[in-house]
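Full structure from sequences and hints, please.
The primary structure of each chain is shown beneath.
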Amino acid sequence: MEVVETKITHKQIKQALLIRSVEEMFLTLFSQGKLNGTVHTCVGQEFSAIAFAGQLKKGDFIFSNHRCHGHYLAFTKDVRGLLAELLGKASGTCGGIGSSQHLCKDNFFSNGIQGGIIPVAAGYALANKLKQNGAVGIVFIGDGTLGEGALYETMNIISKWEIPLLIVCENNFYAQSTPQSVNLAGDIQARAQAFDINTYKGTTWEPELLIEKASIAIEEVRKTQQPIFFLVETFRLNAHSKGDDDRAESELTHYKGKDYLNQFKKESPIYYDNYIKEINTKIERLVTEILLEEELPIESYYQASTLVSNVNWKAIAPINQRQVERLNGFFKQKIEQDDRVLFIGEDILSPYGGAFKVAKDLSFIRPAQVFSTPISEAAIAGISNGLALNGFKPFVEIMFGDFVTLALDQIINHASKFYHMFNKQITCPVVFRMPMGGYRGYGPTHSQTLDKFLIGIDNIKTIALNVFIDPARLYDCIYLEKHPVIVIENKADYGKKIMHHKSSNFIYESNQDNYPVVKICPVASKPTLTIVAYGGIADMVATILEEIFVETDFKPELIVPTLLSNLPIDIIYNSARNTQRLVVIEEGSAYAGVGSELISALMEQMDAPIQIKRIAAYPVPIPSVKSLENTVLPDKKRIIQTIKESFL
Amino acid sequence: MALLHDIRVPLIAVNDTTLTVVALLFKDGDEVQKEDIIMTFETSKTTYDVEAESDGFVKYFCEVDKEYAVNDVVAQLFSDRSDLDIAVQKLTTILPEIKITEEVISATVWTGDTVYSAKALEFIEKNKVDKKLFVGKDFVSQNDIEQLLNISNNNAKSVIYVERIAPQQPVHSEVDTQNVDIQLLTSNKKREINFLQSVQAAGLTSLISVTVETEGIFTFINTTQKYFKNTLLPVIIYETSRLLKKYKVLNGYFTDNAIAFYKDVNIGFAVDIDKGLKVLKIPNASDKTMVAIEEALFSLSNKYLDDILQVEDLTDITFTITDLSAEGVGLFYPLVNKNNSAILGISAIDEKLQRCTLTLTFDHRVTEGKTAANFLKELKHRLESYQFKDGKKELDHLFCFKCLKTMKEDLSGIGFLKCITSQGKEATICQSCVKGF
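As you go down the protein sequences, you meet chains A and B in turn.
If you're matching positions, the first sequence starts at 15 in this note's numbering and goes up one per residue.
If you're matching positions, the second sequence starts at 916 in this note's numbering and goes up one per residue.
Derived by calculation from the structure, the hints in this document are not laboratory data.
Careful: at least some of the hints might be erroneous.
Stated by the list, open to error - The list that follows gives simulated cross-link-like pairs (lysine to any residue, SDA-like), each with its CA atoms no further than 20 Å apart:
1) K658(A) to Q1057(B)
2) K1034(B) to E561(A)
3) K371(A) to G405(A)
4) K658(A) to Y1248(B)
5) K1193(B) to Y1248(B)
6) K1034(B) to S660(A)
7) K658(A) to K1105(B)
8) K511(A) to K627(A)
9) K540(A) to T1026(B)
10) K1105(B) to S660(A)
11) K510(A) to A486(A)
12) K627(A) to E1154(B)
13) K145(A) to E350(A)
14) K658(A) to A1033(B)
15) K1178(B) to V1164(B)
16) K1041(B) to S1214(B)
17) K1292(B) to T1026(B)
18) K540(A) to A1033(B)
19) K658(A) to V1164(B)
20) K1190(B) to V1164(B)
Please read these numbers as outputs of a predicted model, since none were measured by experiment.
Right, dumping it as structure tokens:
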């Protein structure tokens, strides 16, 4: 039995009782039908919250999971906000948008995705380290989270990069309905130790010991700026959420008896009753007040907007530099000018400078702002999210666009959601860059155009580079964006000069939008065919425009948008309305592709009959052998043949 | 006496969509030499001098210090001073020699290479279109060429956009490829469909027919015609063209609440022998003799067979005749061509009944059945007058080739002998001249 210096205070006991009462109030409100959704109560685990969340300093932060109420209350002390949030009122922590699992207040964050929050927390902590503000952070996980890969990716990185993050694993021996013995192999602490991370252990049945150890752990993280893994053994006395609880009655009874607060109730009934009465009165009063309040109106949360494109067309001047040089130049400039700009990716340290050399020399110029990561797309995306939340402007390079699939949880469930689900309290200005595209024989998993899975993710701008617009100009605008951005680059385009090819009988113009639209049309004639293509394939289409005319008798006008997440339907409408023929060419496959979105949006407004055709890749993995690759992907022959056959 | 050149505002810099005239170096009607500077423009960056491309007489349609849009005609060069007066009216309509309207080409004059589509080149090859027509164009599609040719008939408003050859709605019919094979329409056919839709679309065409007795009709015709035997086409062209001078309404066309009457009679006749259906023009047929008409028929048919037809052979047709008598068909319903108001169809001669049928489809918007009927009746009579009526010849028509006495004047009651003259011609001679006086 360890000797404990700390004595638990009645203040802490009251805090624990408060948490329990609030949770029990939620259960009551749920059964009364006043909550929309479910609750994951932490009854029985309160002291974990008190020990950790209750011992942090101002400036420290917490990331928690679905069972976050205790952590929230111990850290923010905001009972009213939590009650109002679950009751769905506008005065709630997040205006009723996030409710039980998605809370955000004063450096407290929670999200309902297990595992995903860990790298975000790590990024947040890394930001503190870079700012050198001495703040530390805690991320709460459960024993069930030990199944998620993101945890291990992150432990590897926080150990190697020495990030001041405290991982608290609340082991209550059940993952939802599954007992631990079914799914957990090996030892929990050994997992962290394998990554050279120091570990601690405590239980909620010995709260004083827990509180003392927690304090030591927190200070150690703060002083050494190294991560620590703290295993807390505990037990939740209620079901996982509001579903069935199939655990054995005897087990429940045992732990109910062991529970510290229940023992306190037995040993000091008078104190207990007084405290409980005071707490419950307060809670009931708050609930009664809150129930009369308003909910958030839709206009505060979301308003539809219409796109109006700029129509001031100016000629595009060629630049005698390759696209990759322009990109590299942009990053060199920004990384020097702005300490918040970070460049993160795999194999980006100089002299190698990244797979496509976009990061050339960056780590020579500003080594502290360049992070070369292990092969952990989920973790690096998450860490970048965390960095962005905490005041930095990270540019994340996903080496091949095909690998973005490993980072999709971070993009869709975290980056794209933070702003709205936390009721616009914070922004996440992260930038994910990745090269897509085939025609180089790299085969099925290194040649894809996965654009259609990336456009239309709410609140994320998806931008595609092309050879006509200086990428530095696009990135200057991206640099100023407050919300997440995905930039789709193209491997084959990196080596091309800006506007490297110009047909003499065509005019090349762009408009003045931030993410401009390029228009290539016959120098004198009126066009009789509208072509829309973007990204890498736009260059190929532009070089065959004259041939398209010669073979098909149609005079083409090529429109190349750069902002894919909000297509310039008005510009395309004006063109198609006149030519009455529209072909959309994309390198990805046709089904539910970019062309589908474009045509649907266009037809909603189109008031005249027009002929339409999509040309896209065949829906099979891209073969490596050249002849098949050039058949599966759209090639000149197929494009011209399809136009000839499809239009009158 | 011709317009030599339009001088248009040039496209010098991509951004300059208008230019200012800063100097006019001559006066209207002045004679200019080739390479003389006629006028000067100012662009955003520099000045630009316009040289005369040949000797001629200049007329200006612009003023100093005013701005004009690229491709506007600002001056013209004529071969004759007298042409200058008519220049003003004709400026915005079709100039017959060039046959182009401003809107049809483009808004800009292009000084670089002209790119032709494959279909355009094919068309130019086939129809011997003069490529000089396309100087200043950036792209020339088949459509552009067709626009050029179609528009020359239409002196009314100019077309803003390329005329669609296909119907507006895309074809939606479900085709069961198990039961049918698909063959796409040729552009010729599409063009034909477009031509014919023009008058027929109004749904107001009417058909009227008449039979022509043909017994003995070729007796004289075959002797006078050199190339064509046993066909009524030349004679029908001859008679019809003269009749159209009287029935002017069948030599015009309906145009937006008005009837346009052609000044000339240019008969078009249809041919379809291996090279596709075409209508070829015999210009001024009403002024041509039978021989000249036959010559024209012969030479045009040869041109058609040799694929050397010119644009002029196909355009400005005022009335069409379609002869299916060689196909053995009876009465048929020809369709009125674009910018015509009527078409005449000739059926095969029924050997038994010794007659053929003429059908006239006419546009009811410009005329009525009575007029059409009168036209046909008169045509019938004229044609039947060529008949050689065995034993029933008109007495005034028979005369002695020696003394020129007509049968009517002959009092002998014996009649005339059929003989062959010393020139080898068939003729009749009276008894007196045979016996001698």
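Status of the hints after comparison with the structure:
1. K658(A) to Q1057(B): Holds - the C-alpha atoms of Q1057(B) and K658(A) are around 14 Å apart, at most 20 Å.
2. K1034(B) to E561(A): holds, 12 Å
3. K371(A) to G405(A): Since the Cα atoms of K371(A) and G405(A) sit roughly 27 Å apart, the hinted pair is violated (cutoff 20 Å).
4. K658(A) to Y1248(B): violated, 35 Å
5. K1193(B) to Y1248(B): holds, 17 Å
6. K1034(B) to S660(A): Distance of about 17 Å is within 20 Å: holds.
7. K658(A) to K1105(B): holds, 15 Å
8. K511(A) to K627(A): This hinted pair is violated, its Cα atoms lying about 30 Å apart.
9. K540(A) to T1026(B): holds, 17 Å
10. K1105(B) to S660(A): holds, 16 Å
11. K510(A) to A486(A): holds, 14 Å
12. K627(A) to E1154(B): Measuring from Cα to Cα gives roughly 55 Å; hence the hint is violated.
13. K145(A) to E350(A): With a Cα-Cα distance of about 17 Å, the restraint between K145(A) and E350(A) holds, given a limit of 20 Å.
14. K658(A) to A1033(B): Since the Cα atoms of K658(A) and A1033(B) sit roughly 12 Å apart, the hinted pair holds (cutoff 20 Å).
15. K1178(B) to V1164(B): Within the cut-off at roughly 11 Å; holds.
16. K1041(B) to S1214(B): holds, 17 Å
17. K1292(B) to T1026(B): Roughly 58 Å separates the two Cα atoms, so the pair is violated.
18. K540(A) to A1033(B): holds, 18 Å
19. K658(A) to V1164(B): The hint is violated at about 43 Å.
20. K1190(B) to V1164(B): violated, 32 Å
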